[in-house]
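Q: Fit chain B to the supplied structure of chain A, relying on the hints for placement.
Number of protein chains: 2
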Amino acid sequence: MIKDIEGFLIDIDGTIFRGDELIPGAVESINFLKALNKRVTYVSNRGNITRRTCYDRLKAVGVDVLEEEILLSSTVMAYFLKEHYPLSYVWTLGDSGLKEELVYHGVKISETPEKADFLIITLCETLTYHDLNQAFQAVQHGARILATNADKTFPNGKEKAIDVAGMIGAIEAASGRKTEVVIGKPSWFMVNKALAQLDVPAEKCMVIGDSLESDILMGNMHSMKTMLVLTGNTQRKHLESIPKRLEPDYIVDSIYSIVKVTL
Amino acid sequence: MIKDIEGFLIDIDGTIFRGDELIPGAVESINFLKALNKRVTYVSNRGNITRRTCYDRLKAVGVDVLEEEILLSSTVMAYFLKEHYPLSYVWTLGDSGLKEELVYHGVKISETPEKADFLIITLCETLTYHDLNQAFQAVQHGARILATNADKTFPNGKEKAIDVAGMIGAIEAASGRKTEVVIGKPSWFMVNKALAQLDVPAEKCMVIGDSLESDILMGNMHSMKTMLVLTGNTQRKHLESIPKRLEPDYIVDSIYSIVKVTL
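As given, the protein sequences belong to chains A and B, one line each in that order.
When we follow UniProt numbering, the leftmost residue of the first sequence carries the number 1, and every step to the right adds one.
When we follow UniProt numbering, the leftmost residue of the second sequence carries the number 1, and every step to the right adds one.
Looking at chain A on its own, in the form it has when it is part of the complex (with noise of 0.2 Å):
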């Protein structure tokens, strides 16, 4: 029963924006969810911008959000860093986002590739083949890969276009080597620092996301509720035969939902 949940974890594109487009009732469930004294904490693959920019997006349609209650996969990226390799310079494959987040987090920024110990990857709409290249050096000259999701592709108007797995793809096929770790969902890295955020035991928290590989797989690996809303990626013919690691708790039609069945 959802009056048992104590802690939301919500996807934010395709769960709350479509595209450019906000989705109906997006905000005002969010904002239930927070008149009933929810924790809520917005978890996403985006590791191209900065939370800050996330957060200017959400409050500009009216969510109810803190900046740190945001978790990114750019800000994860920072956070993992940080905790686990604070010494280390990094070279960065993406859009400025990316690299903004770092260092407000205070992540060294290499001053050439040669030098980097690692190669961040995020989705790079603004790539060159210069971008791409340098991105190479670092890792011929010993930079190990790190991404901050593995996305294949991401809704852009009518189309699916490439995602990170692309960036990754130039990177590793070139190089022959491969990417240590992927930070975004359903890493366990994204879930420690969401329940860290949300200060809630996993068994009382929820998942509510559009994606089955990430959201709801994310949610089932740890014990949490899943709500799969169809607003995104996932329609109703890709439910047939899925795996049992895959299959949400609930199914829902957007978001807007959760309203309904809290009552």
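Derived from the structure by calculation, the hints contain no laboratory data.
Zero decoy hints are in this set.
Where chains are identical, the list cannot tell them apart; a pair therefore holds if satisfied intra-copy or between any two copies.
Below are the DSBU-like pairs computed for lysine-lysine, each with C-alpha atoms no more than 30 Å apart in a straight line:
| id | residue 1 | residue 2 |
| --- | --- | --- |
| 1 | Lys-160 | Lys-108 |
| 2 | Lys-115 | Lys-237 |
| 3 | Lys-59 | Lys-3 |
| 4 | Lys-178 | Lys-160 |
| 5 | Lys-99 | Lys-158 |
| 6 | Lys-178 | Lys-108 |
| 7 | Lys-99 | Lys-160 |
| 8 | Lys-59 | Lys-82 |
| 9 | Lys-178 | Lys-152 |
| 10 | Lys-3 | Lys-193 |
| 11 | Lys-59 | Lys-152 |
| 12 | Lys-108 | Lys-158 |
| 13 | Lys-115 | Lys-158 |
| 14 | Lys-193 | Lys-34 |
| 15 | Lys-99 | Lys-152 |
| 16 | Lys-178 | Lys-99 |
| 17 | Lys-237 | Lys-178 |
Model, not experiment: these values are computed from the prediction.
A: Chain B alone, transformed into the frame defined by chain A:
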């Protein structure tokens, strides 16, 4: 004995040129072979330039060359498409030389990525995210993947820059689809076209090149004599414990040795 060789398949980058620099003695060596009435063809995995561009480059340094003696992987890709898929429309991911070469040989370019039957991949030093995504859209809409070559790096000044393998890796990783044919050396298709051009049986041919995996392998797989030059990708240290199929018949400091060996 080299005096028994009637046809020569000569690699260009790493054998005649190193980056933009002409390798000392290269022009003299080729003109020496021509003076002995040997048949010569230039066989290069470069797919991002036209044959005309390559011809101009060789002519400019004094090589006695005919345009039809040059077989780039872009040229041979055009032959392949005309021979096996004459009805097809293609989309390209690569520098403009590829498209120009295909058009020159009568290959039809698709109006949009979505309508393409094939995506042809080569090195794209002018790559942008938009190019990559358009190529990805072609594959998402059913285009089959072909590549001019699959080299991982090419020498660019002091660094080894990311090559076609990076472009292929991006598309394959994000689409989950694989490249069906790689046209360049050491493929049979390149060999067939070279032998047809030379009009000499394989047993009376010699491959001269700097790459074990493309030049030497190609020659060994087709009963040709093979000569490895150490002016490009391969150094003596790379020759320890190599498999039999990569072992060259001759290992020389540069192509200029051919003048001495034939005497």
